[in-house]
Each structure stands twice: as structure tokens, then as C-alpha cells.
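Student: Spelled out, the chains give:
There are 2 protein chains.
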Amino acid sequence: MTSLPVQATTDDPAVLAAYRTDRASFCPSGTPKALVRARSLQDVVQTLQWASENNVPVVPQGARTGLSGGANALDGCVLLNVEKLDRILDIDVEEQIAVVEPGVINATLAAAVAEKGLYYPPDPGSKDISSIGGNVATNAGGMCCLKYGVTGDFVRALQVVLADGRVMRTGRRTAKGVAGYDLTRLFVGSEGTLGVVTEVTVALRPAAARPLAAVAFFDTTADACRAVADHLGGGFRPAALELMDAATIEAVAKLQDLGFPPGVGAVLIAQSDAGTKAPEELAAFELSARKCAATEVIVSEDPAEADLLMQGRRLVGLAFEEYPASLVDDVCVPRRHLAELVDGIERIAKQYDVFIATCGHAGDGNMHPAVLFDHAQAEAAQQAFDAVMQLGLDLGGTITGEHGVGLLKRDWLARELDEAALWSHQQIKNALDPRGILNPGRVIDSRATGRAAVDQRSS
Amino acid sequence: MTSLPVQATTDDPAVLAAYRTDRASFCPSGTPKALVRARSLQDVVQTLQWASENNVPVVPQGARTGLSGGANALDGCVLLNVEKLDRILDIDVEEQIAVVEPGVINATLAAAVAEKGLYYPPDPGSKDISSIGGNVATNAGGMCCLKYGVTGDFVRALQVVLADGRVMRTGRRTAKGVAGYDLTRLFVGSEGTLGVVTEVTVALRPAAARPLAAVAFFDTTADACRAVADHLGGGFRPAALELMDAATIEAVAKLQDLGFPPGVGAVLIAQSDAGTKAPEELAAFELSARKCAATEVIVSEDPAEADLLMQGRRLVGLAFEEYPASLVDDVCVPRRHLAELVDGIERIAKQYDVFIATCGHAGDGNMHPAVLFDHAQAEAAQQAFDAVMQLGLDLGGTITGEHGVGLLKRDWLARELDEAALWSHQQIKNALDPRGILNPGRVIDSRATGRAAVDQRSS
Numbered sequence: 001m002t003s004l005p006v007q008a009t010t011d012d013p014a015v016l017a018a019y020r021t022d023r024a025s026f027c028p029s030g031t032p033k034a035l036v037r038a039r040s041l042q043d044v045v046q047t048l049q050w051a052s053e054n055n056v057p058v059v060p061q062g063a064r065t066g067l068s069g070g071a072n073a074l075d076g077c078v079l080l081n082v083e084k085l086d087r088i089l090d091i092d093v094e095e096q097i098a099v100v101e102p103g104v105i106n107a108t109l110a111a112a113v114a115e116k117g118l119y120y121p122p123d124p125g126s127k128d129i130s131s132i133g134g135n136v137a138t139n140a141g142g143m144c145c146l147k148y149g150v151t152g153d154f155v156r157a158l159q160v161v162l163a164d165g166r167v168m169r170t171g172r173r174t175a176k177g178v179a180g181y182d183l184t185r186l187f188v189g190s191e192g193t194l195g196v197v198t199e200v201t202v203a204l205r206p207a208a209a210r211p212l213a214a215v216a217f218f219d220t221t222a223d224a225c226r227a228v229a230d231h232l233g234g235g236f237r238p239a240a241l242e243l244m245d246a247a248t249i250e251a252v253a254k255l256q257d258l259g260f261p262p263g264v265g266a267v268l269i270a271q272s273d274a275g276t277k278a279p280e281e282l283a284a285f286e287l288s289a290r291k292c293a294a295t296e297v298i299v300s301e302d303p304a305e306a307d308l309l310m311q312g313r314r315l316v317g318l319a320f321e322e323y324p325a326s327l328v329d330d331v332c333v334p335r336r337h338l339a340e341l342v343d344g345i346e347r348i349a350k351q352y353d354v355f356i357a358t359c360g361h362a363g364d365g366n367m368h369p370a371v372l373f374d375h376a377q378a379e380a381a382q383q384a385f386d387a388v389m390q391l392g393l394d395l396g397g398t399i400t401g402e403h404g405v406g407l408l409k410r411d412w413l414a415r416e417l418d419e420a421a422l423w424s425h426q427q428i429k430n431a432l433d434p435r436g437i438l439n440p441g442r443v444i445d446s447r448a449t450g451r452a453a454v455d456q457r458s459s
Numbered sequence: 001m002t003s004l005p006v007q008a009t010t011d012d013p014a015v016l017a018a019y020r021t022d023r024a025s026f027c028p029s030g031t032p033k034a035l036v037r038a039r040s041l042q043d044v045v046q047t048l049q050w051a052s053e054n055n056v057p058v059v060p061q062g063a064r065t066g067l068s069g070g071a072n073a074l075d076g077c078v079l080l081n082v083e084k085l086d087r088i089l090d091i092d093v094e095e096q097i098a099v100v101e102p103g104v105i106n107a108t109l110a111a112a113v114a115e116k117g118l119y120y121p122p123d124p125g126s127k128d129i130s131s132i133g134g135n136v137a138t139n140a141g142g143m144c145c146l147k148y149g150v151t152g153d154f155v156r157a158l159q160v161v162l163a164d165g166r167v168m169r170t171g172r173r174t175a176k177g178v179a180g181y182d183l184t185r186l187f188v189g190s191e192g193t194l195g196v197v198t199e200v201t202v203a204l205r206p207a208a209a210r211p212l213a214a215v216a217f218f219d220t221t222a223d224a225c226r227a228v229a230d231h232l233g234g235g236f237r238p239a240a241l242e243l244m245d246a247a248t249i250e251a252v253a254k255l256q257d258l259g260f261p262p263g264v265g266a267v268l269i270a271q272s273d274a275g276t277k278a279p280e281e282l283a284a285f286e287l288s289a290r291k292c293a294a295t296e297v298i299v300s301e302d303p304a305e306a307d308l309l310m311q312g313r314r315l316v317g318l319a320f321e322e323y324p325a326s327l328v329d330d331v332c333v334p335r336r337h338l339a340e341l342v343d344g345i346e347r348i349a350k351q352y353d354v355f356i357a358t359c360g361h362a363g364d365g366n367m368h369p370a371v372l373f374d375h376a377q378a379e380a381a382q383q384a385f386d387a388v389m390q391l392g393l394d395l396g397g398t399i400t401g402e403h404g405v406g407l408l409k410r411d412w413l414a415r416e417l418d419e420a421a422l423w424s425h426q427q428i429k430n431a432l433d434p435r436g437i438l439n440p441g442r443v444i445d446s447r448a449t450g451r452a453a454v455d456q457r458s459s
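In order, the protein sequences belong to chains R and S.
Counting in full-length UniProt numbering, the first sequence runs from 1 upward without gaps.
Counting in full-length UniProt numbering, the second sequence runs from 1 upward without gaps.
So here's chain R without its partners, still in its complex pose (with noise of 0.2 Å):
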């Protein structure tokens, strides 16, 4: 074998181990052979011609914040990071779009566009430290989904690097555009299967109005998801519309006293940003809580206001962080079945004897039941992780909402998908990357395919 042609490349041991891992807890991650700081679309496009010659698997890496163990390493793999591609090639007022390379970080770009008074909705909670690229791989959501739409919706064409080290164009610069298969949205959401992104070109929105909010406080959430239900079933969309229970709300008290009511159960948090209709929106929000029997709203007179009281629900990750190990879930249900869902993840702590923090985009049915625990409850806990899953796809509803399949949920994709669809992926991930070098054993088992070119067990 011929050693890596690419002048980034470091095996420093002690690098190496650093760029090992996501931020999923408890996956596995191997001993990479090699790191490749890409500086340059040539820099990809070598690793991966050399990785193709040689048979090497390849894990594409961003900024490596994924909660799916996506970037993880594989033994004997080459971690292909593209985080200092961070530059922003373009953005263009008129057309409405931006161009940027895959390592810039969401934040940044979404600053950027704001200076020329346009907007980049997607907004994962992860978006002060998550880059488009990766946001791309797995098709990030955020808060503003509910009203604006997950990443891909935003994605209007892709440079992408295949397995071979070809370079390919997908999508266009047009607002619209049909010719030949939509092979931008295959890319969105692949995980480094298919494909390096080189180079993303997204859609902007005119900027919109600073958001007010409102927070209403109930006993139970079984009567905030009644709210919710009520609220969008009026036909409204707000920005963002964001349930905490009481488990969250305890999480989050330990860190700063939010002066919430005593004794809580549930916490609903609307934010509208409709300009001069956001205090009819927020009041129509009010009145579904009251009627779902709220036991007190706030509604704000302004937007500082409105920061403050998004404050507890932008805390929670950090919360979640005092603990010593956690385990954050990612179903998404028919909004219906969202305070079955909520009661079932209540059932399944008391059943397990372990903590489970409820919080997550209400209006979407997407929830962040996060599993927090110390290291001897290891095992409770993920049974307890994947008693959510499970109850989740009872429900009518899918394993992940926004992180992505990774190795994580790799082994329940399959207990989602049907065994054509199961088979559609294998089929699509050999015909785009024959050799099975780009990050294998991620989302679809490849060995299942019987192409798998490398060992995937990984220490």
C-alpha cells in the first residue's frame, strides 16, 4: 500500500485519538490509520482515489457534534475531516442563496446572511458548534422546522466527492429545477455513505422579524400536547413551538432558577416571528393553553422579553450535562400520539429506574427524551433508550427525527424500514460506492450487502 498522497495527513497518536468520536455516548469508535485535515477539494478528492485503490474505509468528519456515533472511527479507517473548509464562497441577495464550504459553522453562516438582512432558518440545537456539511449528512432540524422546514428543504445543490475521488455537481442555483433525479436529496441525509460534500449552495428567506414568546405552565403534558393540538389545529404556525416536562424543567432549575411556578408538570413555549401578527398569534396561543388548562401564560411585551423566556429551553443541554452519562433519544410521532408518547417515556423510566428529561419540538411530534444516568445504570439505560425507539415505531412514528441513523440506530433502521426499502438502500449504496470504503457499517449494514470491503467491528 502506498502511504496517503495528501500533505494534511497526520497519525499522531495522540491526534488521532482526539478526532475519534462524536458526541454519541456509548457507541463504539475503532483506532483510525490516519487523519486527513482537508484544506482543499483536491485534498478530498485524493484521500479518496488513494482510500479507492487501496480498499481503506473512509469516515467523512465534520465538526464531529453528531449524537449518532456518524464520525466515529473505524479500526484501520482514514478520518476524512473537513472542517477547515470553512470558508463562505458566496452569498447572493438577489438570488437569495448562499454558497459555502461544508466545515462553516451554522452560526456563522446564519450571522453572515443576517448582515445583508437575510435568513438561514435551519437551526439545530447544536448550531453554535454543528457545520452546514454536517447539518447536510444528516439533514439537521432545529426548532424554526415546525415553521420553516429541516435542512434539505434549504439545500439547493451540492459538490460532492464520490467514492472514486470523482467530483459531482447535483442540484442548481434556480429556484426550481427537475432535470434527472433528485440526487441532491439523496446526498442530504446519507451520512457519509454515499459521498463527501465538498460544497453546499442553500436557499435564504428575507430576514425575519425579531420573534416575541409566550410560556404556558400546565399540571401535566398530557394537557400541554392538548394545547399543542389545539393551537396548530387553528390553523396557526408558529416559529417554534417547544415542550419541557417536569423531569426537563427539574434538569434545568439545578442549573438556574427560571423562576417557574412550584411544582410544574409541563412547559409549553411559543415564539412567533410574524412581525406585527405576532401578538395575535401568541394571544391565539395563549387561549388554546388556557383552555387546555394552563395554570398560568406569559406572554412577551417584547423581544428581550421573548429571550428571556426561550432562556430554559436553550439551557437544556447544558443541564443535561451535570449529569454523568446521558443517552438523548429522537423519535418523532404523528403529533396525535404525542402525550401517549410522553406518558409512555414516564412508564418506561419508573420501569427501567432511570431518569429520563422530556423536552423537544412539540409541533413537530419530534421529542429529545434524554436517558441521564450514572455509569453503573449503563445497561438500564440503554434498555430504556431503546424502549423509546420501540415505542416510538408503535406509535406510527420513526427512530430519529433530526440526528440521523449512524451506528447508533443502525441495528433499528431495520425494524423501521420494509425489506424493500432495506434493500433500495443496499442497492443505492453499492451502485454509488461499489468498494464499500465510505463510512460502512453507518446507517445500512453493508456486510449485510456482502460487498463490505473492511472489517466494521471496531473496539
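To be clear, the hints were calculated from the coordinates, so they are not data collected in a lab.
Nothing here was measured: the structure is a model prediction, and the numbers come from that model.
By construction, the Cβ of each residue, glycine as well, lies at the ideal position given by its N, Cα and C atoms.
Keep in mind that a hint or two might mislead.
Residues from chain R that face chain S, not an exhaustive set, calculated with beta carbons under 10 Å [claimed, not checked]: (1) K84; (2) I91; (3) V93; (4) N139; (5) R172; (6) R185; (7) F187; (8) T276.
Cut-off 25 Å, straight-line C-alpha distance, at most; resulting in silico cross-link-like pairs (BS3-like, lysine-lysine) [stated by the list, open to error]: (9) R:K147 x S:K254; (10) R:K84 x R:K127; (11) S:K291 x R:K116; (12) R:K147 x S:K33; (13) S:K84 x R:K147; (14) S:K291 x S:K147; (15) R:K147 x R:K116; (16) S:K147 x S:K127; (17) S:K254 x S:K127; (18) S:K147 x R:K277; (19) S:K127 x S:K84; (20) R:K84 x R:K33; (21) S:K116 x S:K277; (22) S:K254 x S:K350; (23) R:K254 x R:K127; (24) R:K291 x R:K116; (25) S:K33 x S:K84; (26) S:K277 x S:K147; (27) R:K116 x R:K127; (28) S:K277 x R:K277; (29) R:K116 x S:K147; (30) S:K277 x S:K254; (31) R:K291 x S:K116; (32) R:K127 x R:K147.
Keeping the supplied structure of chain R fixed, place chain S upon it in accordance with the hints.
Tutor: Using the frame of chain R, we list chain S on its own:
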């Protein structure tokens, strides 16, 4: 070869002749072997199983209102028509989704959901005659795309029968989901080359307000295009923003006196369904129009008057039918090049001495230049049609914004896509339809893959 085991089969030559073509002019169509008018999922499954076993090409058909020859017969093929699969299976008000069979007419679905206070936005010009299955097959657009998106943006899930007769479900009923590759979006717009859609789950929106409208008259199309840029640059997203050039106005005027001022060079029609904010939106449109030298602007006082203002735009299709023959193009360019596109089309009309009427979705940069001619001019018309597509590509656009590739533009697709993207198309086609029986020769030239099961030549 065993005979087709499906009861709903006919080989009556008169019936076969009637089903040989869609609405693409001058697209070759072959002589089919049989027509299956499927009345059940089982009919589709058995037809594909049989065709797969006997290596017979299958051309899926819906309402046959396509404009690209994608549903035209191939010699010796089975026409698999799903227009009789036309049940609305479910309208779920709470989840804001509907589940329909592919033969349901677009306008029928729109009316059914409107009765329940919901809205299905995709509104291709053919909405009264085209089916949801066909809309999905081509990823159809329409006037409302500017604000709401195209068909694919509303498809949540599909039931698809694969080439070998296996039934597959893609997507989900939930608002979000990233479990596996986005097979739904891969099949949307694949024009019957990857599978036959037998059920579609679409997302709905709350009903919008009845629209108001405004019409602005200009001396030149360039002025009208500048007004489009100015209005959208102001951060507005009208529910439609349509352009008609002088030739289109002339064609429509032959059909009905619209009371337009004499000598009009171009017309822009803006529609707003923003309810109480609609007058404000239309006032902003008027301001943009006047700033860009509009000679007159009429703003509707009420929805009934708005309906009258839209009348001219709606008559375009009918007006074109008055000509002996037509070739309707579908280029989409970055908005800043809209004026260059329209001016270039005028030059092409002069160069080839044909009459080209241009109208379309100006807000999206998606124009439908129609070459209107009598049969003696067929060659010049085809050359002009091709020159328009080349112009669209030269301006950074696409050969098809919403009509699809079909047969008509298949050879042009190779000019739009790069080599790696064409390879990816062929790999995906071969992966999902290994025998090459599904609508072979449409979208991509499967002969180039070396796996074509049939002779593509058709009479």
C-alpha cells in the same frame, strides 16, 4: 411468454391507440402490446412481476397530461395505467395530511381538503386534468410554488411497486424523519423509471385566505423583470408572480378581449393570500411596478375582482390550442437573468422565424416559452425550442423547471449534468431496475448502461 395475468388488460388496437401518448407534441410513440388499467395494488404488482419475468418494458401512465413524452408508448410495451386508482383514502385534519391513490386529480384533492379547512398548494397549470401520481412522477410545480414549494415539498410518504413487483413504503406520516436515505425524494420526479407509485401521503396546510391580486402593465419585458427583482428583493413572497409577454397577450387577446391597454409590452400579475396583510403586499408590488416604469397598475378590491385579473393568465393554455401546433418549453434561470432570457427568446424567434409566446412563473425564474407554429414550420420550431434550452443553460439555468425530462429532453439532460452525475443516474437506475423494464429510455438513455432490456426505437 405467458399472457398477462391481469384481468384489467386489453389489447384492442383502438384502445391501445388512444392511450399511446401524453400531451407532448412531436414526441415519438411506439405501438404497445397491451394496456393494463389497474384497479388495485395487486394489478400493479402482477403486471410488474409478469413484465419482469418476461423482460417486457412497462410504461407507467396516469392522466397522460405530461408535456415531455414520458408516458408515450414504446414498441411492444405494456402501458400500465393507474388513472382508475383514484380514491382519496384519508384526509387527516389533525395531522394535516392526506393519503391518496395516484389517479386522484389534483383539483379533486385540493377541493376535498378545502372542504375540511385545509389547503394542498401545488397547482400545476394542468391541475384540473392531471393526477397526483403524475404530479409526483414529474415533481410538478405551479403558480403557488414561489410561496409554498413544489409537489415534492408536500410528499411525506409513498407506496411504490418496484420493477420486480415488490411493494415498498418510503417516508413517514410524521412531520419530520431522517431514518435512512430519502427514497421518497428519489422517487419524486423519477418519471416512472424507478418504480410505480401506488399511494401518496401528502402534507397539507391550513386554508389560506382567498387571494387578492394586482396587474401591472409595462412597455417592455425588461421593465417587468426589473419589477420582479425589486418586489422580491423587498422581502415579499407573493402567492404567485406571473409574467406574460406581448406575444402571449396577443395570443390570449385572439380568444377574449381582456381590456388590456393597447400596445402593452408585458404584464405582471401578483397574487397575495396573506389575508389582512394582502393589501400591504399588493401596495408594495404596485410601488415596485411603478418604480420600474409600469404604465398602469390595477389592484383588486376583493377576491372576485382578483379572480378576474387572473383570468388572462389562466386562458394562456387555451389560447395556445388555437394554433396548429405548439412546443412548450420550461426553462428556469436565476432570477437576475430573467430579462436576458426573455430578450434572448425574442431574438431566437426572429432568427428561426417562428412565433414564440413567453409566459410563466417569473418569481421563480421559470418560463414557458411556447413555439406556436403550423406543421410546415416543424423543423424551425424544433430548432427554436432547442435554442431556448441552450439559452437557459447558458444563463446558468436548467432545461426543465417543472415539466420533467421524459423523452423530449432526454438527450438534453446529458448537457446539463456532469459526467459523474450521469453515471450516478445510471447506477441508481440499474440498481433499482436491474432488468431495465421501467420506462426505459426516459429521463436517461439506459442504452448507455449496457443493460437495456429492449429496443428503445419507437415509431
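Student: Now look at each hint and say whether the structure bears it out.
Tutor: Quick rundown of the hints versus the structure:
no. : hint            : in the structure
1   : K84             : 24 Å, violated
2   : I91             : 14 Å, violated
3   : V93             : 8 Å, holds
4   : N139            : 5 Å, holds
5   : R172            : 5 Å, holds
6   : R185            : 4 Å, holds
7   : F187            : 9 Å, holds
8   : T276            : 8 Å, holds
9   : R:K147 x S:K254 : 44 Å, violated
10  : R:K84 x R:K127  : 17 Å, holds
11  : S:K291 x R:K116 : 23 Å, holds
12  : R:K147 x S:K33  : 49 Å, violated
13  : S:K84 x R:K147  : 36 Å, violated
14  : S:K291 x S:K147 : 23 Å, holds
15  : R:K147 x R:K116 : 22 Å, holds
16  : S:K147 x S:K127 : 17 Å, holds
17  : S:K254 x S:K127 : 24 Å, holds
18  : S:K147 x R:K277 : 18 Å, holds
19  : S:K127 x S:K84  : 17 Å, holds
20  : R:K84 x R:K33   : 20 Å, holds
21  : S:K116 x S:K277 : 24 Å, holds
22  : S:K254 x S:K350 : 21 Å, holds
23  : R:K254 x R:K127 : 24 Å, holds
24  : R:K291 x R:K116 : 41 Å, violated
25  : S:K33 x S:K84   : 20 Å, holds
26  : S:K277 x S:K147 : 15 Å, holds
27  : R:K116 x R:K127 : 19 Å, holds
28  : S:K277 x R:K277 : 9 Å, holds
29  : R:K116 x S:K147 : 21 Å, holds
30  : S:K277 x S:K254 : 36 Å, violated
31  : R:K291 x S:K116 : 22 Å, holds
32  : R:K127 x R:K147 : 17 Å, holds
Of the numbered hints listed earlier, those contradicted by the structure are 1, 2, 9, 12, 13, 24, 30.
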